[in-house]
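Chains as they are written, first to last, in our numbering: chain Z, 1 to 457; chain C, 1001 to 1267.
These are calculated hints, taken from the structure and not from any lab test.
Glycine included, each C-beta is placed from N, C-alpha and C at the ideal position.
Each hint should be verified, as a subset may be incorrect.
[What the hints assert, rightly or not] The calculated lysine-lysine pairs, modelled on BS3-like cross-linking and capped at a C-alpha distance of 30 Å, are:
#1 Lys1096(C) <-> Lys423(Z)
#2 Lys1096(C) <-> Lys103(Z)
#3 Lys1096(C) <-> Lys19(Z)
#4 Lys105(Z) <-> Lys1179(C)
#5 Lys1179(C) <-> Lys118(Z)
#6 Lys18(Z) <-> Lys1097(C)
[To be verified] Partial selection, computed: residues in chain Z whose CB lies under 10 Å from chain C:
#7 His91
#8 Leu102
#9 Gly402
#10 Ala403
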Amino acid sequence: MANHIIDIQNLSKSFGGKKVLDNISFYVRQGEFVTLLGPSGCGKTTILRQIAGFISPDEGCILLDGNDIAQIPPYQRPLNTVFQRYALFPHLDVYDNIAFGLKLKKEPQEEIDKKVRKVLKLVSMSDYEDRDVESLSGGQQQRVAIARALVNQPKVLLLDEPLAALDLKMRKDMQIELKEMHEKLGITFIYVTHDQEEALTLSDTIVVLNEGKIQQIGTPADIYNEPQNSFVADFIGESNILNGRMICDRKVEFIGHEFNCVDEGFGDDVPVDVVIRPEDIYIMNQTEGAQFTAKVKSCTFKGVHYEMYVETENGFELQIQDYNAFAVGSTVGLVIKPQDIQVMKKERVCNTFDGTVVDDSHVCFLGEDFECRVPAGLQSGAEVKVQVPFDKIELLDYQEDGALAGEVHFLLYKGDHYHLEIKTDDDDRLWVDTNDIWDKGDLVGISIAADDIKVIA
Amino acid sequence: MKKFFAQAYVWLLLLLLYAPLIFIAIFSFTQSKVMGNWAGFTFDVYKNFFTGNFQGSSALYAALLNTLLIAVVSALVATIMGTLAAISFYNLRGRKKNVLMFVNNIPMINPDIITGVSLFLLFVFLGISKGYLTVILAHISFCTPYVVLSVMPRLTQMNPNIYWAAMDLGATPGQALRKVLIPQLFPGMLSGFILAFTMSLDDFAVTFFTQGTIGLETLSTYIYNDARKNGLTLELRPLMTLIFAFVLIVLLVINLRSAKQARNNKK
C-alpha cells in the first residue's frame, strides 16, 4: 500500500438505473502511467471524473495517499485534468489560461510569471503567451491545456482522451512528447483512451474495461501477449480467436490439429479459447516441415507487412501478417510455435438460464414460455436450470418472428463461425454460434426448437 | 429587365416600411399642427422640446423618465433571472428540458393583451396596489423568456467541460460562475438585455393594465392619452425622430463592429 498514490476500491455507479460501473478496484503507484482502456461507453471517463471529483460514486471509495477523498470538492483536490477537446477558456489568452489556477491560489505575480514561462517552455510554446487560444491549432491548444494542468504541480494528472481530436501524425508526435514529459516530471498520469495502440505505446499499466467491468489489468506486453478473455484479445490488436480443447498440460487441439503449447493447469480434455496473433503464424511456400497447410484466399499490402487470409483444408479461416507476399490460390505451409499460442479459459460453454416449470411441456425462462421436454416428476412452478447450446439458437431477420427479441451486442469471428452475444429487450444475455453474417446493432428475433432445450432439475 | 423589377420591388418594400418614420422626421421640422401641411422649415419644435416650452412638458418628461427607469430595472432583473434559468435548463436532460423550454416560449407567443389582463387580475387577487412595483414585475415577467432564449445558444455552443475545468483548477462554484461562465455567456446576456430593454420600452398593453391610477405614465401610455386628448402634441415628433435616429446609430455601430470582428477572425 505504501507507494499507492491512488487506490480505487469497489467503485460502482449508476445513471438513471443503468449500471455504468460495477465494482471497480485497482490501484495506481506513485509516478506510474496508467491507462484506462475500453470502447466508448465502457465507463472509463466516469472513473476519471470520479477521481477528479465531478461525479460522486454510489458505492466504494477513492483513496489518495491512503485518505478517502469522497468529501473533498474538486477545487480542493490536488489533481488536475486535461479535458477532451481541451476545454480552454476562450475569453482568456494563453498566459491567463495557464495562470488561472495560480491566480486563484493568490500566488505572487513574479512567481506566476516564472511558473507560466517554465511550463510554456516544457510544452514548447514559449512565444505564444499573448495569443488568443481560439487562434491556435488543435495541437497547440492541446499543449496549452496540458500546461494549464501541469503548472499547478498536481499529485496526479488526469487525461481524458487528450489526443482524440488530433490527426494521426500529430497524435503520434504528442504521444512521444507526453511520454517524455511523464518521465521528466515524475508525476503520476492516469490516461483515458479508446485507442489500443496509444495505450500500448504510452502505459506502464493498462486497465481494460468493458461495460463497466474490469476485463484485465497488466503491462502492455501482458495484455497483448496473454489476454485473459476473448474481449481483451479481440479489442487489443488483431487476433485469431478459435475454439480449442486442452488435451493435457502443454498440449492443445484446435483447427483439427494438435499443437504443443506452454500452458498448464487447465485440466485434461477441457474446452478452451485459443488466441494466435496474425504475426505469430509462420508462413512458407513449401509444405514439408509445416504443422498444417492452407490455401491463400487474399493478400493485401499494408505498408510494412502483407495481410493475408488463408483457409485450412478443414475449412478454418486464419489471418496472417508477414513481410512477404504469397500468391492468392497457392498452397502454403504454416507453423505456430508453442510460446505463441495463448490459451484462455472459456467464459462459458453453454447458455444457462434460470427457469420455472409452467406445465408438463413448457418452461418459462428469459421472461417467455418455451415448449420443451420437461423431465417427469417436476411440478409446475418448480425452479429449474435450462441449458441451450450456442449453435442451437436460431436468429431471425425480423424481431416479431422470434419468441424473443434482441440485439446483436458483440461478435467474434472464430475461424469457421461467428460467436455472437445477444442482448434481449429485458437486458438478458445469450450467446449464439452461427455461420450467418450479422453486424453489431442488428435487431434479431430469437427462436429455440423444443428439442434443443435441456431442462435440469 | 428581370433584375430591374427585382430591385424595384425591394426599394418599394423599403419605402413602404420606412415611409411613416420619414414622414414624422420631415414634419418634425415644421410648426404645422396638422401633418401634411408644410409651414416652413424651423428648428423651433426641437428647441421647444428640449427647453420644455410647450404644454404638458413636465408630464412628458416624467413619462420619458419612467419609461427609461422601468426599462433599465426590468431588463437588468430579467437578464439575471433569465441567465440563471437558462443555465439550469441547460443542465437538465431530455424530456424535462424540452418541457421547460416549451413553457418558457409560451409567454412570448401569448398576446400582450392577455398577459396584461391576467397580470391585472393576479395583482388584484394578491392585493398589490398598482404602481411602479406592478409595472416592473409585469415587465420582468414578459422580458425574462427572451433573455433565456438569447443566452441558451451561447450555452449550447460552449464546451461544457470549461466549467469543470475551472473547478479542477481550484475555482469554487461561485468563482467558476464569475470568472468563466459569465464571461462566456456575456454576449448572449447583452443581447438578451437589449432585447428586454426594447421590449419594455415599447410595451403598451401590459403597462396599461398594470399602471394603476396613481398617475404613473410611460411614454406609450402618455402618447396614447395625448393622442386622444390633444391630437398628438407637436413636440412628440422630434422625440420620435430622435429615438429612431438613436436606434439607427446603435444598430449601425453594432453591425460595423461585428463585421470588423469577422474580418479580424479571418486573419
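Hint check results:
1. Lys1096(C) <-> Lys423(Z): Distance of about 29 Å is within 30 Å: holds.
2. Lys1096(C) <-> Lys103(Z): 38 Å, violated
3. Lys1096(C) <-> Lys19(Z): Within the cut-off at roughly 22 Å; holds.
4. Lys105(Z) <-> Lys1179(C): 14 Å, holds
5. Lys1179(C) <-> Lys118(Z): Between Lys1179(C) and Lys118(Z) the Cα gap is close to 24 Å, so the pair holds against 30 Å.
6. Lys18(Z) <-> Lys1097(C): Since the Cα atoms of Lys18(Z) and Lys1097(C) sit roughly 20 Å apart, the hinted pair holds (cutoff 30 Å).
7. His91: 4 Å, holds
8. Leu102: 9 Å, holds
9. Gly402: 30 Å, violated
10. Ala403: With a closest approach of 32 Å, the Ala403(Z) hint is violated.
In summary, the numbered hints that this structure violates are 2, 9, 10.
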